[in-house]
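Chemist: Here is how the chains run, residue by residue.
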Amino acid sequence: MSAGSQTGARLSQRTERRAARARRIRESRTDRMFMFCVYLLLAVFLAVVLLPLIYIVASSFSSPEAVSSGRVLFWPVEFSLRGYDAVFENPQVLRGYANSLFYTVVGTLVSVVMTIAIAYPMSRRTLVGRNLVMSVILFTMLFTGGLIPTYLVVQQVGLLDTRWALIVPQAIGVWQVIIARTYFRTVIPDELAEAAQLDGCGDLRFLWSVVIPLAKPMIAVVALMYAIMQWNSYFDALIYLKNPDLFPLQLVLRNILILNTYSGGAIDASVVLQRQQLADLLKYSLIVVASVPVLLIYPFVARYFTKGIMIGAVKG
Amino acid sequence: MAVLTTIPPPVGEAPAQQRRRRRRERTTITRLRRSLRRHWTLYLLMVVPLIWFVVFKYIPMSNAVLAFKNYNVVKGIWGSPWVGWQNFELFFQNPVFWNLVKNTFLLSVYTVAASFPIAIILALALNEIRMGLFKKTVQLVTYAPYFISTVVVVSMTILMLSPRLGIVNEGLGFFGVPAIDFLGNPDYFRHIYVWSDVWQTTGYSAVIYLAALAGVDPALHESAKIDGATRLQRIRHVDLPGIMPTAVIILVLAVGNIMAIGFEKAFLLQNPLNLSESEIIATYVYKTGLLNADFSLATAVGLFNSVINLVLLLGVNMVAKRITGNGLWS
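These protein sequence lines are chains L and G, in that order.
Each residue of the first sequence is one higher than the last, beginning at 1 in our numbering.
Each residue of the second sequence is one higher than the last, beginning at 1 in our numbering.
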């Protein structure tokens, strides 16, 4: 090969490559800039959501002095567990935790049973009157009696200041009924029910041994929706309960975190500052302790939650 | 069940004939009878939930007549004397009336105006990047605050904005800005309310749009690419029209619920200093009714709010029908 032709080949190769690069860049420069912006934007979203959470967690693991002097940023300063000690020594918090567990478990159970009991019959096309029942239910989404009229009913029924006040009045969510009914309708074909009936399987047995096993994913979604709602709610407890022994965790949190009523024991004048510092720290630890159960399970259920929203979004 | 016997089918007919005949006979009553006989267990199943709906939803609705009465504990709801529109007049003449309506309305409109576009932006951005760890992380993290309780979110907000040791004021102090009592100043209330709400719900709302985006026909993207459309152009001309129906429905629903803004958060963020902006209808009802025990007035205020809501929702449903050719409920 002569030197000339070699240079020529190399030259042409180079120009070609350059041209290719130019073409690619011309096509994608705006897109690349754009993608950079997209990633930047998402990073900002991520940071904005994550940083407050990190700050709270970091503070909760710091010493009372560090928290009170505002030295904590996004990493624990003077690592200590005194905030958590204070949380778990607080009888109010422990009782609230136990109460909330009770309300969540029992409430969810009641809600799920009631939801299936109303949603499944309405999903059967051969059931006369199901549209009437649906309208009766849907109307409650449009118009409500209001706070006081509902309160009076709870009072008349005798639920006021009992544990059932947090379970019964909120037992059925219309949204969940819609989700359940839509799911039953789309997943269980009418032919299956008819075939079962021909084989002498009654409606209840069909519901119990065919429908419910088939609808497990939906039931899980609905149960989790109810459970998280129950765990996170404070309003019903605020209006229906007077007895502090029955308070759910959220109401205890509200009293400690927002109303600043921390009763950690007798206040000694010499340790007031220390106590104040510990009370501040306790708030951070309390937030973590109260949110951890939900945040631990939510990544596993987020997928189903999304599905639930989608099912609910399908009109019918 | 014995009473509800059906007409026995005539003997000796071909099944096809029988079926036709039966269809003719099926007036509503006979159909109901047949259905009752066939599905009586299912009807029985619905009894308890239906009783629940009557007791906890419909009786409160009838209890709302309290708004037109002067409630007397001894005489009960129905025995109390009628007073006509007196409670409503009292409320309308109260100087707080316009302030309440204004606060409720502004807080709600601001919330919708802020959270609606941001959720769409997040969904569009997530939709642009490839499935991977980063995408999953962003989705999971932005979704998380939705599961945190209102009490905790408000506590975090208060802690971080606290003038004494809040991180925000520490940050401002670093730049020489004197500490601001954010929650003690009514001017900040709406911003705090709305932006903490955006923080909490954007990831959740984005999920709905992401699903809508997944439904956009990939062929449209391909042809746009061939025609030389940039990514931004494709978002504008392919993705946005693709999620428009979903967005319209969600916006319309949000507008329909504008006067129904929740009690929980506003109440927790309230303090005597920011009350001029933070008192909304729902919190006013709670205070008048349960703290001051003026049941009739509180019921009237609540009823006023419910009726406005109903009107808004029905109006909005009409608009939705016009736009999408389909109501929110059919």
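FYI, nobody ran anything at the bench for these hints, they're computed from the structure.
None of these values were measured; they are calculated from a predicted model.
Treat the hints loosely; a few may be bogus.
Straight-line Cα separation of at most 20 Å, SDA-like style, residue types lysine to any residue; simulated pairs [unchecked claim]:
| no. | chain 1 | residue 1 | chain 2 | residue 2 |
| --- | --- | --- | --- | --- |
| 1 | G | LYS225 | L | MET35 |
| 2 | G | LYS135 | L | LEU73 |
| 3 | G | LYS287 | L | ASN255 |
| 4 | G | LYS225 | L | PHE139 |
| 5 | G | LYS136 | L | ASN255 |
| 6 | G | LYS135 | L | VAL301 |
| 7 | G | LYS225 | L | SER209 |
| 8 | G | LYS135 | L | ARG303 |
| 9 | G | LYS136 | L | LYS242 |
| 10 | G | LYS136 | L | LEU160 |
| 11 | G | LYS135 | L | SER135 |
| 12 | L | LYS242 | G | ASP294 |
| 13 | G | LYS321 | L | MET141 |
| 14 | G | LYS135 | L | ASN255 |
| 15 | G | LYS136 | L | VAL157 |
| 16 | G | LYS135 | L | PHE36 |
| 17 | G | LYS135 | L | LEU160 |
| 18 | L | LYS242 | G | ASN292 |
| 19 | G | LYS135 | L | LEU94 |
| 20 | G | LYS136 | L | ARG303 |
| 21 | G | LYS321 | L | SER135 |
| 22 | G | LYS135 | L | TYR240 |
| 23 | G | LYS136 | G | ILE121 |
| 24 | G | LYS136 | L | TYR240 |
| 25 | G | LYS321 | L | ILE54 |
| 26 | L | LYS242 | G | LYS287 |
| 27 | G | LYS136 | L | LEU40 |
| 28 | G | LYS136 | L | ILE297 |
| 29 | G | LYS136 | L | VAL294 |
| 30 | G | LYS287 | L | LEU160 |
| 31 | G | LYS287 | L | ARG303 |
| 32 | L | LYS242 | G | ILE121 |
One-sided excerpt, in silico: chain G residues whose CB lies under 10 Å from chain L [claimed, not checked]:
| no. | residue |
| --- | --- |
| 33 | TRP52 |
| 34 | SER155 |
| 35 | ASN169 |
Even for Gly, the Cβ is constructed at its ideal location relative to N, Cα and C.
Chemist: All hints are to be evaluated individually against the structure, with a verdict given for each.
Modeler: We went through each hint and held it up to the structure:
Under the criterion of a C-alpha separation no larger than 20 Å, the hint pairing LYS225/G with MET35/L is consistent with the structure, at around 15 Å. Distance check on the hinted pair: LYS135/G and LEU73/L sit about 26 Å apart at the alpha-carbon level, beyond 20 Å; violated. Restraint check: the Cα-Cα separation between LYS287/G and ASN255/L comes to about 18 Å, which is no more than 20 Å; the hinted pair holds. For the hint pairing LYS225/G with PHE139/L, the CA-to-CA distance comes to about 47 Å; that exceeds 20 Å, so the pair is violated.
Only pairs whose Cα atoms come within 20 Å are accepted, and LYS136/G paired with ASN255/L is rejected, the gap being roughly 36 Å. Proposed proximity of LYS135/G and VAL301/L is supported: the alpha carbons are some 18 Å apart, at most 20 Å. At roughly 52 Å between alpha-carbon atoms, LYS225/G and SER209/L are farther apart than 20 Å, so this suggested pair is violated. Straight-line distance between C-alpha atoms of LYS135/G and ARG303/L comes to about 14 Å, which keeps the hinted pair within the 20 Å bound.
With a CA separation close to 44 Å, the supplied pair LYS136/G and LYS242/L exceeds the 20 Å bound. At roughly 45 Å between alpha-carbon atoms, LYS136/G and LEU160/L are farther apart than 20 Å, so this suggested pair is violated. Taken as a hint, the LYS135/G and SER135/L pair is broken in the structure, with Cα atoms around 41 Å apart against an allowance of 20 Å. The suggested pairing of LYS242/L with ASP294/G holds, with an alpha-carbon distance near 19 Å, which does not exceed 20 Å.
Straight-line distance between C-alpha atoms of LYS321/G and MET141/L comes to about 19 Å, which keeps the hinted pair within the 20 Å bound. Annotation: proposed proximity of LYS135/G to ASN255/L is violated, straight-line Cα distance about 38 Å (limit 20 Å). With a C-alpha separation of about 48 Å, the suggested pairing of LYS136/G with VAL157/L is violated against the 20 Å cut-off. Annotation: proposed proximity of LYS135/G to PHE36/L holds, straight-line Cα distance about 14 Å (limit 20 Å).
A hinted pair counts as satisfied when its Cα atoms are at most 20 Å apart, and LYS135/G with LEU160/L does not qualify at roughly 47 Å. For a cut-off of 20 Å, the pair hint linking LYS242/L to ASN292/G stands: about 16 Å separates their Cα positions. A distance of roughly 38 Å separates the Cα atoms of LYS135/G and LEU94/L; the hinted pair therefore is violated under the 20 Å criterion. The straight-line distance between the Cα atoms of LYS136/G and ARG303/L is roughly 12 Å, inside the 20 Å bound, and the hint therefore holds.
Distance check on the hinted pair: LYS321/G and SER135/L sit about 19 Å apart at the alpha-carbon level, within 20 Å; holds. Between the alpha carbons of LYS135/G and TYR240/L the distance comes to roughly 43 Å, so the proposed pair goes past 20 Å and is violated. A C-alpha spacing of about 17 Å is found between LYS136/G and ILE121/G, which places the hinted pair at or below 20 Å, so the restraint holds. A C-alpha spacing of about 41 Å is found between LYS136/G and TYR240/L, which places the hinted pair above 20 Å, so the restraint is violated.
Annotation: proposed proximity of LYS321/G to ILE54/L is violated, straight-line Cα distance about 45 Å (limit 20 Å). Proposed proximity of LYS242/L and LYS287/G is supported: the alpha carbons are some 16 Å apart, at most 20 Å. Distance check on the hinted pair: LYS136/G and LEU40/L sit about 16 Å apart at the alpha-carbon level, within 20 Å; holds. A distance of roughly 16 Å separates the Cα atoms of LYS136/G and ILE297/L; the hinted pair therefore holds under the 20 Å criterion.
Note on LYS136/G and VAL294/L: the hinted pairing holds, with a Cα-Cα distance of about 19 Å set against a maximum of 20 Å. Taken as a hint, the LYS287/G and LEU160/L pair is honoured in the structure, with Cα atoms around 18 Å apart against an allowance of 20 Å. A threshold of 20 Å between alpha carbons decides the hint, and for LYS287/G with ARG303/L the separation of about 40 Å lies outside it, so the pair is violated. The hinted pair formed by LYS242/L and ILE121/G fails the criterion: a straight-line CA distance of about 45 Å is larger than 20 Å.
Look at TRP52/G: its Cβ gets to within about 6 Å of chain L, closer than 10 Å, so that hint holds up. For SER155/G, the shortest C-beta to C-beta distance to chain L is roughly 4 Å, which falls under 10 Å, so the interface hint holds. Because the smallest distance between the Cβ of ASN169/G and any Cβ of chain L comes to about 8 Å, under 10 Å, the interface hint for this residue holds.
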